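Taken in order, these protein sequences are the chains called A and B. Under the numbering used here, think of the first position of the first sequence as 234, with each following residue one higher. Under the numbering used here, think of the first position of the second sequence as 234, with each following residue one higher.
Treat the hints as calculated values from the structure; they're not laboratory data. Note that the coordinates shown come from a computational prediction; the quantities given were computed from them, not determined experimentally. Not one of these hints is a red herring.
30 Å max Cα-Cα, derived DSSO-like pairs, lysine-lysine:
1. B:K454 with B:K553
2. A:K723 with A:K627
3. B:K276 with A:K708
4. A:K450 with B:K450
5. A:K276 with B:K253
There are 2 protein chains.
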Amino acid sequence: MSDIKDASDPKLERFRELTKQIKQYEEILAAIYWDMRTGAPRKGIGLRSEAYGTLSAETFRLSTSAEMGELLDHLSQPEAIGALGAIDRKQVEETRKDYERNRKLPPELYREYVVLTSQAESAWEEAKRRDDYPGFEPYLEKIIDFNRKFIELWGVKGTPYDTLLDIYEPGMTTSELDRLFGELRARLVPLADAIASRGDKPDTSFLRGTFDIAAQKRFSKFILTRMGFDFEAGRLDESVHPFATGLNPGDVRITTRYLADDLTSALFGSIHEGGHALYEQNIAPELAGTLLCTGTSMGIHESQSRLWENMVGRSLSFWKQFYPELQKQFPGQLDNVGVEQFYRGINVVEPSLIRIEADELTYNLHIMIRYEIEKMIFNEGLSAKELPEVWNAKYKEALGIVPGSDAEGVLQDVHWSGGSFGYFPSYSLGNMYAAQIMNKAKTLRPDLEERIAAGELAPLKEWLTEGVYRHGKMKNPSEIIESITGESLKSAFLCDYLETKYREIYRLG
Amino acid sequence: MSDIKDASDPKLERFRELTKQIKQYEEILAAIYWDMRTGAPRKGIGLRSEAYGTLSAETFRLSTSAEMGELLDHLSQPEAIGALGAIDRKQVEETRKDYERNRKLPPELYREYVVLTSQAESAWEEAKRRDDYPGFEPYLEKIIDFNRKFIELWGVKGTPYDTLLDIYEPGMTTSELDRLFGELRARLVPLADAIASRGDKPDTSFLRGTFDIAAQKRFSKFILTRMGFDFEAGRLDESVHPFATGLNPGDVRITTRYLADDLTSALFGSIHEGGHALYEQNIAPELAGTLLCTGTSMGIHESQSRLWENMVGRSLSFWKQFYPELQKQFPGQLDNVGVEQFYRGINVVEPSLIRIEADELTYNLHIMIRYEIEKMIFNEGLSAKELPEVWNAKYKEALGIVPGSDAEGVLQDVHWSGGSFGYFPSYSLGNMYAAQIMNKAKTLRPDLEERIAAGELAPLKEWLTEGVYRHGKMKNPSEIIESITGESLKSAFLCDYLETKYREIYRLG
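My request is simple: use the sequences and hints to build the entire structure.
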């Protein structure tokens with residue numbers, strides 16, 4: 234990535250300038266979004282949202298402008314491509330993709346959609362609070378309609394839903410996901426059944442109680458520091474829905490949510506978002522200010538959050554090192570709980586209604602349900618009105634439980650209110666990528682578990698930086714996974730990992 | 234201000250849209266500035282500054298665009314003006330003023346200046362820290378040169394320095410300021426001399442010590458709440474240099490700086506910025522989103538911060554109410570200090586080197602020194618190189634003391650590093666406006682002091698809202714002062730106020 238060439242071509246120079254401006258506006262928008270979610274005074278939010286909308290629309294306008302089209306046309310000519318360095322070439326390619334997609338949307342339609350989704354997020358919050366799906370349904374129906382219209386404008390790839398998948402995971406298709414999810418189901422459902430019939434449920438009583446919030450904060454900060462999160466290039470705050478946002482590689486912000494009666498919620502939330510943050514903080518400096526300075530796909534991004542949260546953060550090796558520190562933070566509360574007992578407790582498997590509280594194993598079943606529903610919406614014309622019924626039936630079928638209310642059913646996730654259809658599969662893709670990457674790490678470094686148990690997390694972080702983080706968007710998801718592991722994405726690594734882990738925890742023999 | 238007319242004229246509609254966009258960008262820039270000063274991670278500041286510069290330049294471009302020129306030309310025609318409501322008319326007038334001024338600056342020159350001043354602020358911080366004036370001098374010389382060039386481009390009004398004064402206090406001139414400052418000097422210097430020769434210095438020993446920062450924070454918040462600062466429409470944070478910024482009327486942010494060994498620094502800082510904030514929070518809702526939604530001048534703005542800080546916050550009536558609460562916050566530390574003793578302590582008069590730590594009386598001498606130096610720079614060609622010598626000579630002459638270093642002399646203030654020449658007089662103008670306004674308040678409501686002593690600050694805030702705050706930029710400074718007090722700005726009110734206050738405190742008979 235060192236071949237940054239002189240922009241002797243004035244059109245190349247202008248292209249760099251324009252993409253940099255777009256990136257800078259995105260950085261500013263991310264800062265404003267963070268502010269609105271973490272501490273902006275309530276009464277200023279209305280005007281702030283409007284200002285945010287105006288700058289968003291301007292950013293969209295720049296990225297779809299006639300000037301951008303001309304620059305891309307010029308720089309995509311064979312003789313021009315040949316003269317480009319690797320970064321410019323990739324940036325032209327990626328920008329062109331977004332340009333082609335976005336310029337198919339009439340700006341007025343896009344602006345209407347931005348306004349709709351920004352209203353819909355509040356409507357969803359309200360509907361969830363009041364368990365009032367009918368109050369949210371009209372918004373959702375409109376958002377679905379917009380997306381159907383977008384698919385039409387963008388052009389159907391394979392199936393209509395494929396067009397949406399491609400936004401979050403470039404190149405991903407329903408046929409590929411059907412296969413991957415089918416494989417997962419075939420191995421994970423029997424595993425979950427075996428666990429359920431085993432009956433020997435780990436003790437989790439010690440995870441409930443009253444845990445000093447200040448101590449929780451200290452411990453989250455401590456763990457993040459040990460993971461290699463750079464607090465001079467980021468910060469940790471609180472918000473209702475935890476998130477991570479990379480403003481630039483020197484300013485990556487994560488949030489979590491502390492619950493006094495729950496020891497693990499904020500902690501694993503912090504580690505999860507911390508994984509996203511390690512990615513964003515370690516993108517190569519030469520990509521800063523380009524549109525390539527971001528994660529390559531949501532699947533790869535989730536692979537890093539879930540690798541750190543689960544494969545590191547919920548491993549016995551990790552807690553062998555850090556459990557005494559946790560005990561120290563809550564004097565008297567965990568004295569009679571051994572590390573093995575703690576490890577079993579944080580890995581209990583149980584069918585549950587809420588995705589973000591699900592264990593590592595059943596989590597994927599939650600994702601499959603959403604994936605199937607989204608497919609039905611866009612490939613089979615399922616309407617917003619029918620969603621609660623379909624949702625509840627699928628939970629009954631896959632997990633054997635039915636939500637007592639829409640608030641803990643179809644209304645639980647923020648994604649659809651923002652129009653993020655096609656995003657959910659990223660979580661399971663992330664789990665699969667993570668397992669495949671972690672498997673490789675352990676092959677290359679057989680003492681990895683021991684080093685983690687010794688508190689040495691830096692070697693893992695550095696290896697992931699080398700293989701994933703520093704590349705930003707210079708490599709596609711498939712290039713990332715193939716260059717690290719030598720093969721394309723496989724479901725088997727996740728299945729193997731989960732089987733090994735849970736057979737041991739549940740003594741399934 | 235209720236006559237908002239329909240924008241049946243498409244050019245009026247477009248003008249509203251464009252000015253709203255500029256205002257929205259200014260709101261976003263203010264949020265980013267606040268973030269950079271309060272908690273943005275160190276390593277992200279470089280790229281953030283660049284992004285900030287890009288959006289600033291775009292905002293400047295919008296406000297000087299050919300389109301803006303055409304809209305203003307159209308809306309300034311007699312028949313168009315007649316059709317405008319009061320808000321539109323005033324906004325056309327004010328926007329035209331900025332347009333005329335800004336379009337005289339070549340955009341490239343402006344951009345260079347933005348970059349220079351943003352670098353200069355860091356250079357100044359470093360130079361101040363290291364007491365290295367020569368390290369800052371080249372920046373300052375360039376900034377002065379830019380401003381000389383700007384004055385030339387803008388056109389000289391009266392004297393060159395008048396052109397700069399007009400930016401911060403529309404209509405203000407050196408001849409007017411010479412007169413006002415001359416009057417102040419004639420009465421305040423003898424007063425300061427009388428105090429110095431009195432020798433009976435109030436005890437201030439109890440203001441030094443170790444004061445719990447958490448308790449200081451609680452007390453600042455308590456006082457702000459009682460002043461009527463709306464924490465649902467604002468927040469209080471910490472920064473190295475305290476400031477107030479109104480993002481929109483529903484989001485006004487102030488900062489202060491807590492020192493463990495100084496009880497009053499953060500407290501009066503909070504009240505000062507709180508005064509600015511009351512102004513911004515109480516601008517009429519119908520001005521939101523227009524360029525009139527801001528204070529009318531820096532002088533009027535400072536009148537509000539200094540009115541609340543000094544005429545309310547350093548009054549005996551105020552402390553009769555709030556002193557017991559302060560004592561409670563610092564148990565054991567102020568038990569033996571009576572309220573009268575405390576009041577005398579926080580009002581000690583002493584020639585000092587640092588403006589922001591100066592008492593109410595000598596504060597104005599600090600301002601006069603800066604005013605005279607700025608006049609010399611722009612009207613007599615004084616160079617950056619000569620500044621330390623002139624500075625020290627003026628302090629010797631006016632206050633009888635000489636800085637031991639440039640750090641506590643010519644380098645003490647941030648203003649010049651940002652190019653804010655012509656700003657300093659605002660502080661003394663603020664003091665004069667404040668005294669004249671407060672005098673009127675007491676005439677209209679003879680029991681004002683008693684009500685303050687009873688902790689009732691709302692009536693004062695509401696009266697100021699009616700007379701000052703709600704108008705935003707709909708009225709000019711002279712219209713504000715005349716409509717409230719029935720006369721133009723006079724120095725006598727400030728002199729009377731200070732004489733009365735200090736004769737009593739120092740028992741000058």
